[in-house]
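K.L.:
Chain residues, written in single-letter form:
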Amino acid sequence: MNVPLLVFWIYMALMLGVGVIASRFIHDPADYWIAGGRFGWPLGGAGMAATQMSAGLYIGTIGLMYTVGWSFAWVVIVFPISYWLMTVYIAPKFKRFGQFTLPDYIGHRYYSHAARLVAVVVILISYVVYIMAQIKAGGMIAKTLVGISSEAGMIAFTIFLIGYVFIGGIIAETVSDFIQMMIMLLGGFVAIPLALRHTGGLDSLMATVHAQAPQMFTWESMPPALLFSMALAFFLGAFGRPEQLARFYTIKDVPSIRWAIGFCNVLVGLAHFSVIVLAFAARGLFPTLPVGDMAMPSIANHVLPPILGGVLLSALAAAMMSTVDSLMLVAGAAIGNDVYAKVLNPNASERSKLLVGRISTLVMGLIPLGLLLLGFGGGQLIQIIVALFSAIIGSAFAVPVVIGLVWRRATREGAIASMVGGLIACFWWQLRPPKTIFGLPGSTIFPVVPGILVAALLMVAVSLATPAPPETALAPFFPRRSAEQAAGTRPGP
Amino acid sequence: MEALVRYGNVSWGIWLLYWGVVVLYFIWAVAANRREKRGEES
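Which chain is which? The protein sequence lines are A and B, in order.
When we follow our numbering, the leftmost residue of the first sequence carries the number 1, and every step to the right adds one.
When we follow our numbering, the leftmost residue of the second sequence carries the number 494, and every step to the right adds one.
Okay, chain B solo, but in the shape it has when bound (with noise of 0.2 angstroms):
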């Protein structure tokens, strides 16, 4: 860990942003289909 702490710094940046944006993906889609779900529901 220390070795990555101490050489990777050029490569965090993008792993973070890029499980970032996976996670708000998700969440995005769940409330996407749930929308859609109650639409059609009504």
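Next comes chain A alone, as it looks inside the complex (with noise of 0.2 angstroms):
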């Protein structure tokens, strides 16, 4: 028997299992968007946590401190930081206004179902895309372990994800997310002292490392600049991503949300920690990589026992899952909750909303399979698609985001312009960067800084040329301002 297969389809079937009991707790649409906004911390917490770790920091970031060395640790501290000011300045006042999406933010305060519309088109192409590839990438997981055709694996994988999400709903989403991220954890923590009685422990393993690669001790392999460059770019995105958003409408108060953004910051302090390790660890055992990508494989195949490599290959899998399910329901509502129950049919029942909410999640989860099964999963578009997921998504809602809560002159036509220009900006960078700026080759600074910065100018700019936003936009977000102006003591806007 291949103690790692059993090891990964238990895993699989505890994950449908969270769904079906999930589903006993959904009655209408907020249950299944939010879940009745009734998250505590850990939940919250460990949700977001497990967003955030997607299979690219088991596969992708393990690769480049496999490669470059310490020196990457560093773009880790953006993460605290980041969370810490949405804690204080977006929190607060998306759980206040209490919808279920991003595009709810979007449509409710620049009035507009234009503005909100523009929103759900950027959400449904880059999430479709994105999720493309983590189908794909899941297809050659299961091609890996189980010897069965990619596409096949694919299929599998798809109905996994599908059927949790389909039947449990944000609920079953974020349990699993919960149980994914311990076992991402225990996967990683366990790893580490196996690992390090194969290189002889730490002194040995960082002996031999140095005398293989002594840059990887230095900040020669990945420089200030470069790591300042990526840094900028994961803290200006982060306050754009719809599923991180949408969380906070699913945690009970704003007090739960500050202890579940803690408790995330502990995870993901944690699980970076296991990961800089656990790259040095391959560094030493396996210095002759083809790649940096294949570390935490090599680990999970030739260092571990059996059964602690199929944790650790369930680790990898749970990190994509916990990732995929996300995009997926933010997917399925952009169409369940944006486009049918706010623009198409805003007066169906709670029932009908629910039914179109889980058949738009099938059919978010259909689609991408689809793609790729009919062949459309190489294409150029795609793969740019693809590396610039995070740019696009921060490039297109950062500033909507974080300016239409601190500035009430930010208009309809500014948030149009925003979301669309930074857009723009970011794929022209991505595909014709500048060749020097500010001393450094063009193609190293990321394009989501680019892009926030021309969405942020636009946004100032139309704002400033536009009619003022009314005042019942305004009210959930500026309460108190907006009660001065409702009792005359203070003008508007």
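Once the Cα atoms are required to be at most 16 angstroms apart in a straight line, the calculated EDC-like pairs of lysine to aspartate or glutamate come out as:
no. : chain 1 : residue 1 : chain 2 : residue 2
1   : A       : Lys93     : B       : Glu529
2   : B       : Lys530    : A       : Asp253
3   : A       : Lys136    : A       : Glu151
4   : A       : Lys93     : A       : Asp253
5   : A       : Lys252    : A       : Asp31
6   : A       : Lys95     : A       : Asp253
Example chain A residues on the side facing chain B (calculated, C-beta under 7 angstroms, incomplete):
no. : residue
7   : Ala73
8   : Trp74
9   : Val76
10  : Ile77
11  : Pro80
12  : Trp84
13  : Pro255
14  : Arg258
15  : Gly262
16  : Asn265
17  : Gly269
If you're looking for bench data, these hints aren't it; they were derived computationally from the structure.
Glycine included, C-beta positions come from ideal geometry on N, C-alpha and C.
Two chains, two frames, some hints: make the complex.
P.N.:
Right, here's the structure in full:
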């Protein structure tokens, strides 16, 4: 019996079981999209952390650390700082607003179905393509583990994902995220002592790696300017992620959100710490891997006993699934909530809104799979969108989210110009970066930075040139100021 | 430990900074929650 495979199947069955149990708590769209806003800090915090840490952490980040060494770890500092700022400036206003999705916020704050639909289109295109990439990777994992074709692997992977998200909504998604987060940490921290035993201990590992690749202990392989650009990209992008912002709606109150963010920071710190130690262990044990991305699978296959190798490979799958299930739900909500329930048929019954919500989540799982099976997985545009996913989302949404919450004068026209202009700037920079800027090659500045700068400039310029927003759009986000204006003690906007 | 001190100089700073920010965050969060609770009670 293939033990890692058995562990993997047990894990998949557990996820489906979570979906079935969660479905008992779902009675209306609010339950399905935001769990009725009832989560406490443990589920809220672990859900945020699991969504934040995709398979990228256990494949891409560990691979980068395998290649460049200690210095890349400095990027991790942006997470607690960006989350802290979000807790202060964004979370209380989102929680008070109390809707379901990011387009809900865009549509209300910018008093416009057009702005809402621009947000929906950006989400649908970028999320469908990103989910395609993840399903494709899931197929490859299944092929490696089970030996089936990658097409069969993609179908199986999608069925499991759709299975628990379709029936259990955000409750299944978040509970499974909590379990997945614990599996990730367990996999990482169990692997550390075993890997170190193979290397002869930490001292011996460090000496071996230092002898092989001394640049891994310096700033040479990741210069501070490049590191700063990367950190800035992560930092700015963090404010516009629909799947993370929507989590503020799911947690029961603002004090719980503060605890949840603290818990999330602890989990993120622990996971990154385990990843860097494992990256060094992989470097010491397998110094000639063709690509750094092979670091984690090499440890799972060659260092750990089969059952723990299964846990670590399940952690890989968990990292991927915990991100894809969130994306699927956000994309489903974009159709079920933002298009159907808010624009096309606002008077529909709660029952039909819930049904359409479920169907749209199902469709958002099936479309990426269908496109992949039809052979649309390798086009150049798809590769660009996958590479730019975080930058696209950050460029489109970070400015309308942040400026809309701190500046009353931000208008509908400004928001639409900002989303569209930010996206164009982001793509433009990726395709035609300037040769040098501030002494650095233009290609080393991540596209989200120019994307957000252009978005911010357009937001301010267009907003000032167009009529001020109505008070009804501003009231949920600036309650004190709106009350003062209603009482006549303060002039408005 | 000796190896970490000898070779880990580029990394030690980030972990001190990271956990320092997390601790500061918790201090702020507890204070903010208490302040809010007092505000509600009064």
